[in-house]
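K.L.:
Here's the letter readout for the chains.
Number of protein chains: 2
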Amino acid sequence: MIEKEKFNESELIKYIKKAGLETQIFNKNLIVESIGDDCAVIEDKNKILLSSDNITENIHFSLDLYDFDEIGGKSLLVNLSDIAAMGGIPRLFLMSLFIPPYLCTSDIKSLIKGVIKEAKKYEVSLIGGNISSASELSVSITIIGDCESAGIKRFCSKKGDAVYVSGEIGNSWMVFYLNSNKDYIFKTKTGLKSSDKKLITDFINKYKLPKPRINLGRKLYTKNLAGSLTDISDGIYKDIFNVAGEGCGCRINVEDIPVNEELKQIAGILNIENYIDDIISFGEDYELLWTFDRGYTRSEIAELKGSCGTNIKKIGFIDDNSAKLTLIKGGKVFMPEDHTFRHL
Amino acid sequence: MIEKEKFNESELIKYIKKAGLETQIFNKNLIVESIGDDCAVIEDKNKILLSSDNITENIHFSLDLYDFDEIGGKSLLVNLSDIAAMGGIPRLFLMSLFIPPYLCTSDIKSLIKGVIKEAKKYEVSLIGGNISSASELSVSITIIGDCESAGIKRFCSKKGDAVYVSGEIGNSWMVFYLNSNKDYIFKTKTGLKSSDKKLITDFINKYKLPKPRINLGRKLYTKNLAGSLTDISDGIYKDIFNVAGEGCGCRINVEDIPVNEELKQIAGILNIENYIDDIISFGEDYELLWTFDRGYTRSEIAELKGSCGTNIKKIGFIDDNSAKLTLIKGGKVFMPEDHTFRHL
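Going line by line, the protein sequences match chains A and B.
The number in my numbering is simply the position in the first sequence, starting from 1, with 65 added.
The number in my numbering is simply the position in the second sequence, starting from 1, with 65 added.
It is worth saying that the hints were derived from the structure and are not from the lab.
Some hints could be false.
Simulated crosslink set (DMTMM-like; lysine to aspartate or glutamate; CA at most 25 Å straight-line) [unchecked claim]: (1) B:Lys83 x A:Asp299; (2) A:Lys82 x B:Asp299; (3) B:Lys110 x A:Glu213; (4) B:Lys288 x B:Glu188; (5) B:Lys288 x A:Asp299.
Take the sequences, apply the hints, and build the full model.
P.N.:
Written as structure tokens, this is what we have:
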């Protein structure tokens with residue numbers, strides 16, 4: 066207990082305070098007091114959305130895949146996704162750093178820079194937090210957003226509602242898969258063309274970090290185009306039950322799940338079969354998953370696509386098969402296998 | 066990454082949700098949505114105080130000293146202290162659990178019970194959070210309080226202000242010291258009377274957990290009796306600079322620092338000399354430390370004592386010796402030694 070800190074705490078606090086100040090140009094009207102006192106002080110006449118999420122070494126990231134700035138970035142992005150999943154506007158955040166002894170000050174500063182980079186991009190302000198020693202690296206963030214009402218809830222769909230997802234599902238799984246097998250892919254496996262290797266490396270770099278769908282969530286809220294909404298953090302297979310209402314289940318056409326073309330290409334190159342099984346149960350995509358009481362019109366689809374900068378796709382509908390997900394493939398009911406942890 | 070959880074996550078979430086509901090009878094008017102959705106939703110027309118603090122195994126507690134319910138309790142108490150240190154009212158909290166593989170479900174439930182026990186005592190409501198696997202136990206809490214204004218700030222005192230503390234300083238240090246040396250005290254050391262052993266055991270049990278001074282902080286705020294206020298988490302030696310204003314230092318009469326009579330008795334029994342050196346630099350007492358532009362009148366002292374249920378003590382005054390703490394003992398300037406980690 067009360068171990069001497071392995072890093073210079075007061076220097077780091079100064080660094081974080083300065084970095085936080087740079088983000089406080091956003092949401093100035095909400096911030097009364099920020100970093101430096103026992104508490105941050107805010108005021109907000111809207112409904113306030115609050116969520117905490119953390120990313121921890123070897124659970125949510127590995128140091129061989131992510132640079133420190135990317136770890137920082139990811140820690141904020143997964144939290145922003147929770148605000149998107151309510152249809153709210155992210156505003157402020159508190160950041161708790163758990164710092165292991167093998168991190169040097171420049172690593173920590175790099176991590177903080179990664180947080181601040183995304184904070185500026187999404188116009189959210191760092192207003193407080195804390196730092197402490199730990200045996201492994203973890204970043205725990207409490208995100209504060211706001212909304213005119215309580216936002217779009219989970220568990221509110223009913224029989225017949227259409228089920229939609231944003232973006233592409235499975236990119237995060239493929240990044241994990243490629244990184245887990247990188248020694249085999251890049252060292253052991255022969256006959257891989259250099260263009261294939263480039264495709265793989267580019268894929269990893271492109272999809273390492275999630276893209277919180279703030280604008281889409283906001284549009285769903287303001288245009289009243291979702292009955293129930295969540296983000297996909299644990300995989301469609303599990304998260305679908307976060308939008309299904311009481312007594313409801315869901316029927317999904319697996320072939321309608323939007324999958325990245327490069328992912329398919331890489332799966333072909335590496336002979337990965339039945340990857341759809343992994344994709345639906347892996348999670349970490351942070352795409353939105355929602356229901357609406359009818360299919361959208363063309364103009365509604367165009368409006369939503371325009372605001373989120375990516376595709377949206379109807380993948381199935383809510384039925385009254387209580388707490389059951391029915392997956393359809395080639396017109397038949399399909400049972401996925403759990404081989405998330407398979408290796409080449 | 067994406068390790069299978071060592072515990073049943075959905076069972077635990079249900080357990081936490083039920084426990085949280087029990088605490089939501091308090092502050093009902095602030096809670097719009099609580100545990101279960103992507104975010105909790107609150108509304109508060111007052112200024113909102115926010116702070117995050119965590120306690121981590123082997124840094125802030127050891128499993129040989131604390132039961133799981135005490136760890137849970139402590140995690141909330143240290144956060145409540147941050148609201149006390151602003152003069153605010155604690156209202157709501159988010160709890161993030163980092164759960165190592167060696168914890169079984171009953172340990173985790175016991176920890177949660179400890180959190181809920183203190184939550185009910187201080188009438189604060191659990192409204193959200195998250196759980197994740199980790200290699201060591203940690204509880205990270207974001208506390209949300211409110212106040213009619215921004216509360217009582219740090220760094221606001223000026224030359225001549227009186228410096229006060231609440232309660233007793235050093236109990237947390239003595240608990241740490243006794244636990245660190247318990248093998249020696251209870252096994253190796255001979256000649257210790259059974260009444261001495263009882264005194265030591267009772268002391269540990271009595272002072273293991275801090276007492277956040279919510280009522281005192283609140284009274285200081287409402288009666289306008291503090292110019293600058295903080296809580297003692299890092300020791301007077303360091304925290305004094307959180308109340309000293311710009312260009313200010315502080316002069317403290319070490320003999321005026323309130324020390325527990327049993328602590329003095331135990332120090333005598335175990336021949337611990339110069340314990341004041343440790344007490345002022347150890348921290349973890351979570352007593353309040355504040356300044357006021359004059360000494361209190363008798364009736365003010367009586368009113369403050371009445372509201373916090375413990376003593377308050379003037380220990381010195383602010384001077385213009387910039388960023389310097391001058392300690393006085395027996396009328397002379399005194400230099401403490403750092404022997405926090407000494408062993409018997």
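K.L.:
So, for every hint listed, does it hold in this structure?
P.N.:
Hints, one by one, checked against the model:
no. : hint                : in the structure
1   : B:Lys83 x A:Asp299  : 22 Å, holds
2   : A:Lys82 x B:Asp299  : 19 Å, holds
3   : B:Lys110 x A:Glu213 : 14 Å, holds
4   : B:Lys288 x B:Glu188 : 22 Å, holds
5   : B:Lys288 x A:Asp299 : 50 Å, violated
Checked against the numbered hints listed earlier, the structure breaks hint 5 alone; every other hint is satisfied.
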